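Asks: Spelled out from the first residue to the last, the chains are:
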Amino acid sequence: MAIIHDDAGRRRFLSQAVMGFGLLFGVGTLGLRFIQFLVPSREPRRSEAVLIGAESRIPPGEALSLDFSGHKILVLKTDEGVAAFSRRCTDLGCLVSWSRERQQFLCPCHQGVYDKNGANIAGPPPRPLDRFEVIKRGEQLYVNVQST
Amino acid sequence: MSTPSQPQTESFEHAAKNKSWIEYIQKDLPEHLDWWPYTLGAIPLTLFGLLVATGLLLTFYYVPSPEQAYASVEQITNEVYLGWFVRGMHKLSVDLMILFLLFHVIRVFLTRAYRPPGELKWVTGSVVLFVTFAMGFTGYSLVYDNVSYWGMTVVTDMLGNLPLVGTPLLYLLRGGPEVSGRTLLRLYDLHTKLLPVLLGGLVIGHVVVVRLLGFAEVAGSRGFHAFYPEHTLKMGAIAVGLLVLIVDLVMIFPPTLGLPANPQEVASDVSPPWYFSAPYMWISLLPGPVAIWSLLGGAGLFVVYPFVDRVLSERGWPMAIMNAVVGSVVVAAVAVLMYLDTQM
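As they're listed, the protein sequences go chains A and B. Going left to right, the first sequence walks through residues 1 to 148 as our numbering numbers them. Going left to right, the second sequence walks through residues 1 to 344 as our numbering numbers them.
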């Protein structure tokens, strides 16, 4: 009798387990799809060269501010030639500004400081400013940005 | 563990079979609920009701789009009849709700009211606290003035720094890599639909759990009183007093509105709402991973603290003294971090 009872118990357990896993799988897949619906896909970005102008357009000691496709960029002459930096502070995403007097990038949120080559030199920023590639075609300078 | 909880479960079942819900509500309450430190839980409950009422009114005018959000808040504040008052009450109520929740947490922590069988009271309450923070942040972002815009940017960035879930969470909240109109709509949906329903459920759940599990025993509290009229009267008096206080505070400090959001220029005084300024400073002062992991660990420890307390007390630790020390250190640290944030 005990064996028969065990069989029935096992059968019930197995069928409940199969149904339970099936239900969990179904609901889980649906839930996952819903989350995918909410999280936008990262569209493939393509490189695009944006014209800045001739090098002479960038006054010495000054930074040229550009906004293209959501990228906020500062272009200036560094020790290694013309460079384009993202204005996005590497600490918490505030916007850095160029200080002509100090020849540094300053973040107003937590007083993060970067030197003219974009290196983080004071305050909380954990790494240098992000850079964009600068391309020279003839006399004209272009910034290589990623856009969607 | 199962031995002390057994009679409790049985008494629930027994009670459920034999009592009507009126009898449940009318169940006598211990005397100490009349003492002021023990009324701190009822205050956020009252404020939650006020927030729902004023929030509902605000949705009649607020437009969740980057082009119109600021203008609609300006209209509410300056043009709509008593709009400034409704907005002021809403804004102040959330600040007070968080403040009193924190007082409530400190009181429960110091008196160790979460001791068995009250662990679930603490766990549900701690989730209420976190969801209230989320409500505060999402609401703060909707104002869409420059401080609010950049506050929203830095807080979502902070969340984006979380290990593993950070980037998907950032995309989920912002609706893309950057703060945009989609971000505003998502935060609006969270603030006016998903989170209020969740918070309402959690608040009800917390109160029900407290009623079912019973109140912790407090030394010197021997008598009992009925829920109605004694307790109701006291809570009513607190609610009316609170309302008078809020009305006065809104009159003295009417809600303000800064310059409109400018994605090109950071606000000069960007900072998240006051209840986020301590973690914000923590993240700024410590190296990224250390700050994030310590905050996550701290939050996790906070939720499961009753179980930690049980394990440690079984090993003979003086938990009453421990809690007093830990509580004082945390409150002092938070105060210092908040002060540092005002100096930056």
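What the hints contain is simulated information worked out from the structure, not anything from laboratory work. Quantities reported herein were computed from a predicted structural model and do not represent experimental measurements. Please note that the accuracy of each hint is not assured.
[What the hints assert, rightly or not] Only pairs whose alpha carbons sit at most 20 Å apart, straight line, appear in this in silico SDA-like list of lysine to any residue:
1. Lys116(A) to Gly61(A)
2. Lys27(B) to Gly49(B)
3. Lys234(B) to Asn262(B)
4. Lys193(B) to Ile35(A)
5. Lys72(A) to Lys27(B)
6. Lys193(B) to Lys72(A)
7. Lys72(A) to Ala42(B)
8. Lys72(A) to Phe215(B)
[Claimed, not checked] To spell it out: a stretch of chain A is covered by chain B in this simulated footprint if at least three of its residues, at any positions, have a beta carbon under 8 Å from a beta carbon of chain B; those stretches are:
9. 66-75
10. 106-117
Backbone N, C-alpha and C define an ideal beta-carbon position, used for all residues, glycine too.
Asks: Looking back at the numbered hints, which does the structure fail to meet, lowest number first?
Replies: 2, 3, 5, 6, 7, 8
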